[in-house]
Each structure stands twice: as C-alpha cells, then as structure tokens.
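The listed protein sequences derive, respectively, from chains A and B. Mind the numbering: the first sequence is residues 1 to 120 in the numbering used here, read in order. Mind the numbering: the second sequence is residues 1 to 752 in the numbering used here, read in order.
Keep in mind that the hints were calculated from the coordinates and are not lab data.
Pairwise CB distance ranges (calculated): (1) Gly115(B) / Ile6(A): 35 to 41 Å; (2) Leu77(A) / Leu136(B): 42 to 48 Å; (3) Leu77(A) / Glu574(B): 39 to 45 Å; (4) Thr84(B) / Gly53(A): 40 to 46 Å.
A virtual CB, placed ideally from N, CA and C, is assigned to each residue, including glycine.
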Amino acid sequence: MMWINIIGFALIVGIVWWFWLYKPSEVKTDEGELIVTVENGVYQPARLKIPAGKPASITFIRKAESPCAGTVVFSDLNISEELPINQEKAIQLPALEPGTYSFTCQMQMYRGELIVSDNN
Amino acid sequence: MKDNSTIVLAVEGASCGSCVKKIEDALKAVKGVSEASMNFSEGVATVSGNPLTEELIKAIEIAGYSARSITGKSDDELMDEKETAELAYYKKLVRDMAVALTVGVPLMAYSLIVGEMTVTTSTERIVWFLIGMLTLGVMYFSGRHFYIGAWKSFWNHSANMDTLIALGTGTAWLYSMFVIFFPTLLPDMARHVYFEATAMIIGLINLGLSLEIKARGRTSQAIKRLIGLQAKTARVIRDDKEIDIPIEKVILNDLVRVRPGEKIPVDGIVTEGHSSVDESMLSGEPMPIEKTENDEIVAGTLNKTGTLVFKATRVGKDTALAQIINMVKRAQNSKPSIGRLADVIAAYFVPAIMIISVISALVWLNFGPEPSIAFALVSATTVLIIACPCALGLATPMSVMVGVGKAAEAGVLIRNGEALQTASKITTMVLDKTGTITLGAPKVTQIKVMDSSITEEAVLQLAASLEAGSEHPLAMSIVESAQERKLTLSAINNFKAIAGHGVEGDVTDAENSVAKLLFGNERMMRDYNIELNDAVNIAQQFAEEAQTPMYFSVNGKLAAIIAVSDPIKPDSIEAIKRLQHNGIKVVMLTGDNRATAEAVAKKVGITDYFAEVLPEDKSNKISELQALGEIVGMTGDGINDAPALALADVGFAIGTGTDVAIESADITLMRGSLHGLADAIAISKATLKNIKQNLFGAFIYNAAGVPFAAGILYPFFGILLSPVIAGAAMAFSSVTVVSNANRLRLFKAQEH
Chain A
1 MMWINIIGFA LIVGIVWWFW LYKPSEVKTD EGELIVTVEN GVYQPARLKI
51 PAGKPASITF IRKAESPCAG TVVFSDLNIS EELPINQEKA IQLPALEPGT
101 YSFTCQMQMY RGELIVSDNN
Chain B
1 MKDNSTIVLA VEGASCGSCV KKIEDALKAV KGVSEASMNF SEGVATVSGN
51 PLTEELIKAI EIAGYSARSI TGKSDDELMD EKETAELAYY KKLVRDMAVA
101 LTVGVPLMAY SLIVGEMTVT TSTERIVWFL IGMLTLGVMY FSGRHFYIGA
151 WKSFWNHSAN MDTLIALGTG TAWLYSMFVI FFPTLLPDMA RHVYFEATAM
201 IIGLINLGLS LEIKARGRTS QAIKRLIGLQ AKTARVIRDD KEIDIPIEKV
251 ILNDLVRVRP GEKIPVDGIV TEGHSSVDES MLSGEPMPIE KTENDEIVAG
301 TLNKTGTLVF KATRVGKDTA LAQIINMVKR AQNSKPSIGR LADVIAAYFV
351 PAIMIISVIS ALVWLNFGPE PSIAFALVSA TTVLIIACPC ALGLATPMSV
401 MVGVGKAAEA GVLIRNGEAL QTASKITTMV LDKTGTITLG APKVTQIKVM
451 DSSITEEAVL QLAASLEAGS EHPLAMSIVE SAQERKLTLS AINNFKAIAG
501 HGVEGDVTDA ENSVAKLLFG NERMMRDYNI ELNDAVNIAQ QFAEEAQTPM
551 YFSVNGKLAA IIAVSDPIKP DSIEAIKRLQ HNGIKVVMLT GDNRATAEAV
601 AKKVGITDYF AEVLPEDKSN KISELQALGE IVGMTGDGIN DAPALALADV
651 GFAIGTGTDV AIESADITLM RGSLHGLADA IAISKATLKN IKQNLFGAFI
701 YNAAGVPFAA GILYPFFGIL LSPVIAGAAM AFSSVTVVSN ANRLRLFKAQ
751 EH
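Just chain B, same shape as in the assembly (with noise of 0.2 Å):
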C-alpha cells in the first residue's frame, strides 16, 4: 500500500461555485480519501489520502464533470531532477577518481622509477602491507560500488562489469598481501606486488564513467530543447480576470491570452486578434505564419508580432508539442534491428571473458617462462580489466540517441530505431502527386477567353456562381478565383452536375434574359455539341503544361477554356533531385489523367510514373515495386494513403505546418516541404554509418585487446601488457563510443 500522498487533478467543466462543493463531496464519498478540496480559480482539486486516481476521477465523471490528474510530474521537472541526479553522481565519480589516483599515482611513478616492487625484506615487508591497507582503503572508497554491484549479480547469476573489475583489481590485490604475507611460499621473482594496479584502474575506471556521463548529456540535446519549448505559465482569462498560471493547469476550452513575443502555451484556436507565429522549432519552416481567427496554433510555438487570444483544444499530455516529445523519447530508446547481435553477444560476454582469463592464466602457469605464477596473474587480470562490454552495450542505443534528435530538430518525426535503419536502405521511393509533389491546392492558373463579346471577368463570375453549387475540388478553385477578385456570384437555376463530365445551369441576369451555362470536359461539350475547333488544341496545350483544362460554354457556344492546376512545390525539383542524387528511384504515382501526371512527372524530373491509379490500387503498387526485390518508401499525406504507407517498408506522412498525423506512418514530416524526405534519408544513413563505426570499433576493440591482454604478443616480441594500461584502454573505449555519437550532432543534414 501506498503512504499518505496528495493526488492533484484538473477538473473541467466547473463554471459555478456551486460545483466547487459538490466535487469536494464527491471526492471526499470515495474510499481512502481523508481530505479533498477544490480551488475554483484555478479548477484544481487537490485530495490528501491513499485513493485510487482512477476512483477519483470516476467520482468526478459521475458528478458530471471531467478531471485528469496532474500529479505527476513535468518533462521539465524530470529533465531538471534528472540532471541534478546526474551532476551529483558525476561529482562523486570525480572525487572517487581523484583519491584513487592520489594513492595510485605516486605508486606507479615510484614502480617506473625506483624500478620493481618486490619483497624481500621485513622491512619492505611492513612498508607494502601499510601501503596495501591504504589501497584497500581506496577500492573501499572509490571502488565500493564496483565490489557491491559484483557480489549482488553473482548471487544472481548474472556477471557485468563490475564484476569483471571487483575480480581484476581483487585478484590484484589479494595476490599482493599474499606476497606480503607468505614470500617464501613464491619464487623470487614473483614476489611482486601490484597495489598500483588495484588503486590506478579503480581511478581510471571512475574517471572513465564520468567523462561517459558527460558525453551522454550531450546526447540528448535535442530532447532538451524540445522540452525546453514548453511554456512555463499560461495567462487565461477566466470570469474576465487575467490570471497567470502554470500550464498544467490550463483547461480545455480555457481562453488564453498570448502578447508578442511569449510562447504558446497550449493548442488552440484563435478567437480573438492578429499575429504572425513562428513555427520553425516544430516544423523547421523557416518563414512566421499569420494567424488570425479560426486558426490552429500550437504550443511551443513563439508569437512574433500581434496579441492574441485563443480557446484551448488540447492541454498537457494531449498537445502536438507532448506527443512529439513522446514519441522522439521513445524512439531514442527503441532499438534498431543491427543492435541485436551486439545485445546477444552482450548477453555471453563477460562469463565468456571470465573463462578467457581463467584459461590464459592456465596457458601461463603451464607453459610460460619464471615467474609463471606472476605472468599468469598479470595477463589473468589485464584480460579482466581489458573486456568492456559496456562499448558494445552502448554503441547503437547512443547513435541511435543523437540520430533520433538530429531529426526531430530537422522537423522529422522517427517512430523507431527500426524505422530509421530501414530508412536508409531505401531504393525506391514512391511519392504520391496531389499534396506531396503539389501544394495539393488547386488553382485558376489561366482563363482562355474564346468569345470576343465576353470578358475574362464575365466567364469567371459566371462559371463561378455554376460551380458554386459543384463540390469537386477543381470548382472549388474556380469559386475561390472568383472570390479572390471580389466577384458577386449570381443565383443559378436548373443545376446538375453529371459525373465525370461536368455541370449545368441556367442563370437570369439583369435584363431578365436566361443563359445556358454549361461548364465540364470534351466530352460534356461534344455530348451537347458545342463546337470546339482549335480550342481542342488550345486545351492540348494547357495539359501539356500540367494543367487540367475545362470548358466553358454559354448558350450552346464555347465562351472560355479554364485552366486548373496543382502548382508544385516550389522546392520539390530540388528535392526529388537531392533523392536522386543519392542512388534512390524516385517513382511518381497519381490518380490524375495521364497527361496531366506526364507533365508534373516530366517538370520534376521523374521518369517512373503511374497515372490514374484509383486510391484503393496504390497499396498494389507499392507490393508490385517489392516484388521486384526494392525496398519502397511511400510518402504520402497519412490520411489517404493509409493502407500504402502501411505496406511499405517505410511509410513518410507529409504533414503541413505542425499538422502531425503522428499515428500513421513510421516517419512523419512536419514540414511540408519534400527536402524532409531528403533530410530524414540522409540523418538515418548518418546514424547507420555512425552505428556501424561503433560495433566495428568495439568489436575490434576487445576482439584485439583480449589477445594482446592474455600475452599472445609475448612469445614473438616479448610484449606484456600492464593491467594498468588496459584499465585506461578499458575506461576510454567507451567514451570513445559516446564520443562518436556526439560527432553526429554536427552533421548538416541539408548537405547531403
């Protein structure tokens, strides 16, 4: 059972002081509560007790309003208490380093100097066994964790290492006093002790450890700058009172006030004011976007220019900015696939190194020269202390890290490790046109007028006021064109809208005159036989040139070609070529005719295309490119082309401005710009290249150093390694590795 503890929670939906007793009582009925009380202001209920929150919010749901709790605590509080837990365990590192090298330092500079610690009379007898008590009172000091962690997961039959160094430094330690103790039951020449070992590699190991916790606060820098895009406060205007209160207790349809120059604090939509906001923290969008009412803002987001006021829509864990912090924590930790052997030999490694030492001290003592039992101690130890597991347990989770925030701070969403390793072998990517190649917003990009008696002005006024009663995209555009230039929209009688032809209508002007409107494609106009004549060649060009042409007829006679099209992105060529660039098929496929998909397809510079593929046939497509041995990347808006990004080996959602469908796709870009496609391309083989220097470098690391440790060199050249030189290799291997992933940081994604 838990202890006596404060739950706090938000409740919503109290606007009466009435409420305020009425939650107290229901909250007070239920089991394990002894106090509860509500602060209206700040629609907060705090209840003392050892209640379950669940309980407590079920109480409160009855009663008719709804609570979340907030007891648990920020990022930004667990990012702080984090790093304070950091800082203070790195301090005591440090002082552990510096006593054990205190002791150890003088020792070895005495044993390279003077020359060799042997005993041999009783008076060096007296002076080694003060100097082994004052070694043993290092490995008690600095070295007690090592001794602890080794005993508890021996009883657990698990070995790590701490215990590779409890034995390293003990083995060295005890073989000491016994030299000290029993010299005569040794040959001469192993009466050697190796108190400056024990006491060196303790110190080096914790400077080590220290120098790793360093480097790792680097590694989630980028984590740390998200969280830090939180606003701290939030100023809501509640009963006509502005208070300022934390964000966490900032409530669903709160009105919140933000002036120049403040975060938003929560999601919302403005209700009131005018302003530009900078989004480029989120979405790596570099230009401010004008907000005005009606429009979504989200948190972390900064407020340049105007004050403004909005209704909350999603508070705490539920805001963009949250679930982003989510979602890039939780790929931080998640594992790619080319971890995996590393974990398994991680699994074997250290009873494996264990029994390497037993057998090298066997080899030593049978077949090595005098003093065998000295060599044999030493190359036993030095093995021990050589083996680091800990280069091989870290070198994907640490790249993976950095990779994972590199993005995130590009505006790109990794879902997991797995996502990000299969991301960089893509061959083929497949994008679809409208909204990803194309801003998806069609436009009137030309009015032909092919009547002399009617302006460009007339056609448009009148096959806008047609189309506004249509809801096809393409009229939509034309109603917006209309609307754009201030055009008054007339009424319209008799519409019909025949499908995959067009719409008509009959519309009454001034003089009480009926015109005939007819608005659709060739066929519509050769179905009512309208004569076309060239305006067929006219049209043939427009397709040409990526527009999707229309007709325009009043009274049985052609009156305008209008043309419609889906501008491209201005950055997209650039992109696509930046994909190419990199050995990667870029393949286009659309729903659109094919005229229309040759034109975009040849404008971009993409050779593969697939027109008029109905929505449901994409996911078909992409298992056809698989078939063919390709690993397919999709990008898509992640509404649509759900099922498509689904089956591909990795599914990009485009997203626009911070408008993120995070659930849908295992790569998701909050920009909309396709150079994020690029940019998360180019960090996941950044981060696979990364992770791969590590494995090698720590394979090769003990692969090599065990050897050398146990004395192969010795029969050829004679070579002995010091255990005092392989605690340093040990203690810097895996800095090394942490290092390595640092240097991923500086990568410019954008360069490649």
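The following block holds chain A by itself, in its conformation from the complex (with noise of 0.2 Å):
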C-alpha cells in the first residue's frame, strides 16, 4: 500500500512538473519564415522567437479537421484569423513590445507563446 501511495504522489508531482513547471526550450528565431503547424492538439513549433519594435509574420498550416483548431487568437492582441484546412494562412504581426504574448485556439486547447525580445 506505502508503495502504491507513493507511486500515486510521485504521479502527481509530475503531472505538476511536466506540465506546469517544464518550458520547453525549444524556440524558433526570426530566421527566414515563421512556419506553426497546426495538428493533433497541438502548435508546432509552440514557442516562437521575435525581434521586439519589428513587424513579423507567422504562416499558420492547419492540418486538424476538428473546429478546434480553426480559429487562432492572439488575445493580447486582439488578432484573431480563420484557418483553412490545409492552406498556409499568414498572419501580420504589428512591431511589438518586449514580453512574452500567448495565442491559442478559441478553447484554449492549443496554445503557444510568442517570445519578443530586444537582445537580437
């Protein structure tokens, strides 16, 4: 029984780790094109890497067919675009403050963040 609940903890914590704590260091530059596809529940790449003071583009490649995944909002910005399935959709990005802004899909199932920074 002492095994199981430990188990049981030792779940939860990385549930907690894993999903709250972790940040992927995975982050996409401004060089060249800014390609995010869109599929199976998820932004790929999810975290993306802008010049601060720059207008930047991202083009957006929705491969779900689920609704979900139709619509991506950039809610601090008050973007929001209609993907179509399997066309790559373009978004404009205004020059922006250092910070780091997050967009989603309307439910907020997806969800990425864009990294704005001065230091490029």
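Using the supplied hints, reconstruct the complex from the two chains, each of which is provided in its own coordinate frame.
Here you go:
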C-alpha cells in the first residue's frame, strides 16, 4: 500500500512538473519564415521568438480537421484569424514591445507562446 | 520557398492594346516570373512562377498602372470550402460513432441484463480476450484521433480534452486486459472488465462532437447571410461592349449595369438611370431608397425597379460590404473580458483533473471498501471522462459569435467583444442633438409675414437671394426652401455677413429701385434700429417650439420672421423612451441656444441637457459624467464627435444609410434611427446574459460533476457514477453550451 501511495504522489509531482513547471527550450528565432503547423492538438513549434519593435509574419498551416483548430487567437493583440484547412495562412503582427504573448485556439486547448525580445 | 504558383492581378489603368505588352514585359522582368500574360478585356494579368506579389505590383506601378492581387479566394469560396471540410469531418465523426456504438451498445446491454462481466473460467478469459481485441479495433478505428492528439500534446508539455479521453478509455482497457491475463493477481471481486465503457465513451464523445459541429454551423449563420449578399458576377461596359465578369475582376471606374431585381455588385456612383434600391439587408432600413444620377450605391443592396449604370468607386476588399463582413468576422472571434477567467482556468484545467483523478484513486485504495482497486479504477476513469474543458472554453466565444451576428442583422456593427460587454453596462447615454436626435438637415418651418404689403413668396424670394451668398447651414435651408418653390433668385449687391448677427445686402427690382435687405437675429435688428414690437413674442414662441427664429427686414421695416428647425427624427422619441425604460439615463448635448435645446429636450422626453456646448467641450462633458461613476455611452455622427466618441466607454457612430464610418467607433449604427441604439444595448445585454449562463453552467457542471465522479456520494448513499454515464454527460455538456448560444438567434431586440 505504501508503494502505491508513493507512486501516486510521484505521479502528481510528475504531472505538475511536466505540464506546468517545465519550459520547453524549443524556440525558433526569426531566421527566415516562421511556419507553425496546427495538428493533433498542438502548435508545432509552440514557442516562437521574434525581435521587438519589428513587424513580423507567422504562417500557420492547419492540418487538423477539428473546428477547434480553426481559429487562432492572439488575445493580447486583439488578433483572431480563421485558418483554412491544409492551406497557408499568414498572420501579420505589428511591431511589438518585448514580452511574452500567448496564442491559442478559441478554447485554449491549442496553446503557443510568442516571445518578443530586445536582444536580437 | 513556395512551389511554382499562379498569381492573378487585377490591373487598372490599362486603356489601350499596347499597354498589354508593356505590362507583360514589366511582369516578366520581375525575378522569379516564368510566364506572364495579360487579358486586356478582363483587365487581369496572370503570372506563374514564384515571385513576390508585392514586387509584381511594384513593377506594374513603375510601368504606370496600378494593380492588386485577386489570387486570394473570395469570402464565398472560403465559406464553401469551410463548409465542405466541416461536412466531411462531420461524416467521419458519425461513422466513428456508429462503429464504436455497434460494439459498445451490445456490451452495455449485456452488462445490464446478464450481469457482471467477470473473468473466472478459462473460456471466459478467451471470450473476453476476443472482445478486448474488438474493443482495441474500435479504439483504433474510431478513437485514433484522441490517442494521437493526446500523445503529441503530451510531448509538447500540454494537455487537452484528447488527453483526458485517451487516459480514461486507455486505463479502462488496460485494466481489463490485465484482468484477463493475470486474474489471480487480483481479488475475486475485482476481476471485472470494462470494455463496454471504453467503446461507449468513444462512441458518445464522437456523437457529442458531431452534434457540436452541427450546432456550431448555425452560430455563423449571420455572417453567411452577409457573404451571401455579394453578387457573383457584374455586367461591365468596356469599349461599348457589355460583358459579364466575376466581381473580383471589376476594377475602379468600370461602368457597371444593374438591371431590376439584381444585386449591386460593387460600390459606386450612379451615372445613368433611375431606380429604387432596397438597402434593408445592410442598414435595416425597411423603405427602399430612390437613386438617381450622382447618388451613391453600395454593394450587396438590391436594385428594385429600374436599370442603373454606375461608375465603380470601391471594389474588392474595399467595398462597404466587404469591410462590414471583415469587421463582423473579427468581432465574432474576439473575446470580452468576462471570458478571461474561463481562459485562465482552461489553461490549468486538464493537468488539474489528472491530479484529482490520481488523488481519487489513492483515496479509494487507502480507505475504500473491497474490491478497492476496482473502485479506484472506476472513480479515476470517471473523473477523467466527466471533466469537460470544452464547455468552459466554448462558453464565451459561441455566444459572442451569435450576438455579434445578431447585431449585424439589425444593422448594428460591433467592433469587438469588449465593446459588446461594456455596452451592456451603460448607465448614461449621451446623445448629440444635431444629426443624432434630429435629422441634421434644417428646414424652413414657418414664414410669419409682419408687413401686409409684401407676400410670403416675395419674402422667401428676397431672403433666399440674400442668403445665397452665405455659407451658414441655416441659410442653406432658406435657399433650399426657395428652390423647392421654384423661385428665381435675384442678384445681390453690397453683400456683407456679420458673424454672430446675420447678413445684409441690396437688391434692385424691375423698376430699378433699390431695396435694402437685412436678415439676422434680434441683436442685429436692434443694431439697425428696426422696430420689433410684438414680433419678439412671436419669435419667443417659435423658440419654445424648438424652432430657431430669424428676422427679415426690407428698407428698415420688419417684413417677416422666418423660423427654421431641424426636425426630430420620427422615431427618436420612441427610441429614447426605450432607453429610459431600460434604466439608462439619457443626456442631450448641443451647441444650439438654450431655448431651442430645452424645447427639443422636452419634446423627446429628456430632462438632462447641456446647451451651447462648443465642439471641443463635448469630451469634457463625457469625463465629467465618468467622474460621477457613470458608464457613459456617447452617440454622435462619428466625424465631428470623434474625440467624445473615443473618450466614452462605448462610442456609437450613427450612420446615415450605408455610409458607415467604421473606423471611428466601438459600435456603428448603419441606420440613422436611434432604435439601433436601443437594439444594440438590448442585444449586448442578452449576449452577456447568455455568456453568464454558459459560464455558470460550465463551471457548475465541472465543479459538481468531478466530485460526483470521484465518488463523494458513495459514503453517504452508496452511489458511484458509471464511466459510461460520465461519457454521455461530457459529450452533451458542450453541445448544451453551443445550443444555449444558438438560443440567442431567436432574440428579438425590438421588443426590449
């Protein structure tokens, strides 16, 4: 019984760490085009890095059929665009202040982060 | 790098055959172009290769023409594509559901009718193993998307609905297989298989998703209707020939012919013909509007009676209709702040549910009755399945989608979700007088002749002749009135305008005698020593009736009092009553004099008004009201009142017809009537109420469902929820949210 409880608690700690505390290091910088694939419940890549103070463009390719994937929302920037299936859709971003902006689907199940930084 | 693609450009300004070659050469010189050809009659250039569209346009501009890309699909095509894709997805979901339920329902029936699905004998082990493999087939065929989604997002450190379903059904299946392979490791009572749960849940959730798609389709009906207003083709006149071309290919200054019963394809100015045009689909204005030469017409409206030829002034994405569609789409996808909390919760929701599921299993294992492992398994699975992050995530966007669409149908354009939310909370509505409460077009209402030797006609003729030189808006109304009566104006000498007083001038009549004319206010008459006597009382009476009186004298003798008024819109009184009825304090703001302001305010039932407000002071009044803690809406014409509109919590720009000043306000009323204002507020209130119901429902569902699933009732009543029931509840909870949002479509703003 002890072991089961220990395993259970380890599982909880694991969940907290894996989903909340861990920050994926995968960041794409603005070298060439930024292309994000929308498929299977995730934005790929989910963390993008762009320089501050310069307008940028992100191209989304939606492959998931589920209507949840059909809209991408940058709620801080008041941008929300529909993504057609299997087509490129470029989203133009204005020049931004440094900071982290999230982009999600309407229901927040797809989540991504846009990191705008000065040191580029 | 993109593949070899085709770019289509609409080229404007190419008026001769030789331009074709020039344009083609210019295009071919651009890097990456492999082929370029120009169709002269259509005004369209087609380029293949992989050049940048901007560079092509630049090349054409350098060659002396202008161009824009029409490669992009029209809204209509995009909508069709979206619908086809959704239909295909719907069919797939229905098929998946059918397969899963074909396996799940008989198993479920067996467990309910025959009883316990336990594994004791070796025959049972073989039979259940085969059924387990069948269930695996269902998981692969009908539930594959859940598992793949869960797996992919897991490696991305994110979790979503797929994660919950995959974990829930996966756990049930794995446990059942474990029972079959190692029954002896478990106590007798725990040797139970749960294949029916796995198959049923997959079936039910696919059913829920398919119903949700159907319901979602209905939420975008308003935008579909707007897109449907666009004509598909236009008949243009080029080189004296009439050709039918797709509307994307219509270019600026094209002459377009529309016959009776046809939709106007692009915005333009009528050059020929006379007809009445139904603009109700855009403005909500029910009466058709007469159109003749030099009148503006807008795309999407319906030509009713005659044939019109017009010059295209705005085409493609620039037409009023295209802009309206664009704005409604944006607004429909934007979120009011009321939805923020749900977003924050949604972000942490799934991992939190996973943790609750583990805790629930641990509690059962530690404190539960035998077979505790079976109870632990059921409760953990049920918690995972019943939790519905979707209902939470869908609550706000679905209602906003329907509400904004509903408003657009009533001729009310809402900029974004935030404006929608604030509009529902307005406590004070400030209305500009001229053009908002009134028509904004002053008219001569009375001519009171004070000198019996002169006729009314002569008064008007002389006054109009004098005022023809003035630029004052009131002067224009007098000239217009004379024109209406077909009076010919005389030439005026020694014209002089005295600011704040009036105008003077001389006229020579047929007998060559010169008459001295004065036209102005009381102060002017006194300056010139004109005797007024009881005329002042008559003038005062006019002012009390909301008319602006002016004195007219000929040769030093008062000839007449001319009253001008800006008529109140016929439905302003009714609309203001509606606002007040909804508990909104209505305040009027005007630059007019106090007496007229008071009279107008009284007529429309407003007790609070500010008169003689200079245009630049309007925004100060707004701040004053805000300082009192009011949530202030400001309604104005969107051009003169822009600073006040911007400062107000919600700025309403009132348009006339379809002349929309989309950029200037939070909410644009396409119809001139103030009823649009009351409609806008009624719709925003209804939408907010709907959002609250949805959020409340989704919160309660999850907050009550999860503990219930974890077995909180078991110690008291011995009830433990079955995972299958949880699957059904979860599937229908998001359908309920979408359906509730759809209920808004039936809302009738006019009745509130």
